[in-house]
Structures are given as C-alpha cells and as structure tokens.
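Undergrad: Sequence:
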Amino acid sequence: MKTVLILFFAISCSLAKPLLTESYGQRFTRHQLSNGEWETVEKAVVYDGNIWVYSKADRKIVRYTESGEYVTEILLPSIGRSNYLGDDFAVKGTAIYFVNSIDKRVEQFDTKSGAFVQSIPFDDRYFSTSPRRSCRIITKIAINRGKILLGTECASAEFDIESGTFARSRSESTIPDTKELVIGRKSYLLIEDSTQFSIEPAEDIQ
Numbered sequence: 001m002k003t004v005l006i007l008f009f010a011i012s013c014s015l016a017k018p019l020l021t022e023s024y025g026q027r028f029t030r031h032q033l034s035n036g037e038w039e040t041v042e043k044a045v046v047y048d049g050n051i052w053v054y055s056k057a058d059r060k061i062v063r064y065t066e067s068g069e070y071v072t073e074i075l076l077p078s079i080g081r082s083n084y085l086g087d088d089f090a091v092k093g094t095a096i097y098f099v100n101s102i103d104k105r106v107e108q109f110d111t112k113s114g115a116f117v118q119s120i121p122f123d124d125r126y127f128s129t130s131p132r133r134s135c136r137i138i139t140k141i142a143i144n145r146g147k148i149l150l151g152t153e154c155a156s157a158e159f160d161i162e163s164g165t166f167a168r169s170r171s172e173s174t175i176p177d178t179k180e181l182v183i184g185r186k187s188y189l190l191i192e193d194s195t196q197f198s199i200e201p202a203e204d205i206q
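With the numbering used here, the residue at position 134 of the sequence shown is 134, and numbering never jumps.
Check each hint, because a few of them may be wrong.
Straight line, CA to CA, 35 Å or less: simulated DSBU-like cross-link-like pairs of lysine-lysine [said to hold, decoys possible]:
| # | residue 1 | residue 2 |
| --- | --- | --- |
| 1 | Lys179 | Lys60 |
| 2 | Lys147 | Lys17 |
| 3 | Lys104 | Lys17 |
| 4 | Lys60 | Lys43 |
None of these hints come from the bench; they were simulated from the model.
Using the sequences provided together with the hints, build the complete structure.
TA: And the structure:
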C-alpha cells in the first residue's frame with residue numbers, strides 16, 4: 001500500500017500544471033534583433049496579490065492574479081531607446097520602476113496608464129570598491145519591506161526615490177532573480193522557450 005501511495009504522489013507531481021501559460025503570437029510576441037538576439041518575456045514579479053509579467057518585445061506589462069487569471073495589460077511608452085527600458089523592474093504603490101544601467105537612472109511609470117512619470121539618476125559608483133566588474137554594475141531592483149533596493153550581482157542597498165540617494169550602509173545579500181517567484185509561500189519559476197512561456201512550481205522543474 002505504501003508503494004502505491006508513493007507512486008501516486010510521484011505521478012501527481014509529474015502531471016502538475018503550470019500556474020499560467022501563454023503562447024507567443026497571441027497576447028505576447030517574440031522579436032529578433034539585427035544582432036540575432038531575441039526579445040521575449042523575461043521578467044516577472046509578485047506584488048499586491050498579482051503577478052506582473054514584463055515583455056521587452058511588446059514594451060508592456062501584463063498583470064495576472066496569483067491564481068494565473070488575466071487582469072489587464074499596461075503599455076509602456078518609448079522614452080528614448082526603442083527596445084530598452086531597463087535590466088530589471090519592481091512595482092510599488094502606483095509606480096513601476098525600471099533600473100536603467102546604461103543611463104544610470106531609475107525610470108518610473110504609472111501602474112494604471114503606463115505613462116512615464118520621471119527619471120531618477122543614481123550614483124553608479126556606489127558599489128565601485130568591488131574587484132569584480134559584475135559586482136560594480138547596478139542592474140537589479142526590488143522592494144523589501146516597502147523600501148526600494150538597488151543592487152548588483154553581489155550586493156544591494158536601499159535607494160530613496162525622493163532624494164535620489166543610497167543609504168549609508170549596504171548589504172552583501174543579493175536581490176533574487178526575477179525569474180524566481182514566491183506565491184503563497186511556494187516557489188515558482190518563469191520558464192520561456194521559442195513558442196511560449198509559463199510560470200511553474202519550482203519543485204516540478206528538473
């Protein structure tokens with residue numbers, strides 16, 4: 001009997017369905033650049049009971065409930081570069097924030113209209129003492145306990161939007177990859193290929 005239960009549990013896990021799946025060519029598209037690289041759905045965050053998925057190819061964020069149901073989409077305007085808003089994004093209150101490592105600033109948009117609000121420059125030398133280049137370049141942003149964090153692959157620090165300044169102290173802890181999501185205390189991963197993307201339980205990914 002014990003063996004049967006274990007087998008049933010294993011089969012159930014292997015057949016677990018993704019939280020959500022979207023095929024390219026419908027709500028989302030893929031776009032190939034002249035250098036051969038593809039713009040796709042690459043980023044997602046969880047905030048205020050919703051999943052926010054960013055499509056670089058479509059310059060939009062699509063919002064879903066935590067159960068994977070479509071809510072709405074937010075179109076983002078061009079503010080200079082035709083295919084670039086930032087390396088990472090976060091949502092807080094009525095604002096969407098992108099960290100723009102090329103122009104050394106945070107780009108802010110409205111969560112309802114998608115309208116551009118402002119650019120906030122940051123000191124790109126804040127992490128300059130690290131011997132590794134990847135640990136000096138600010139490419140990550142997140143919200144932690146209501147505070148905005150900016151960081152590199154190796155460290156992070158609180159960043160004040162109003163003053164455009166970093167906190168005096170920094171943390172050696174890194175900001176999680178936005179392909180990793182925590183929904184209802186369960187870990188999920190954003191999985192993408194040439195035909196679709198999905199958000200699936202991390203324990204089901206081998």
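Undergrad: Next step is simple, just say for each hint if it's right about the structure.
TA: Comparing the hints with the structure gives:
no.: 1; hint: Lys179 - Lys60; result: holds, 17 Å
no.: 2; hint: Lys147 - Lys17; result: holds, 34 Å
no.: 3; hint: Lys104 - Lys17; result: violated, 40 Å
no.: 4; hint: Lys60 - Lys43; result: holds, 11 Å
The structure is inconsistent with hint 3 alone, although it conforms to all the rest.
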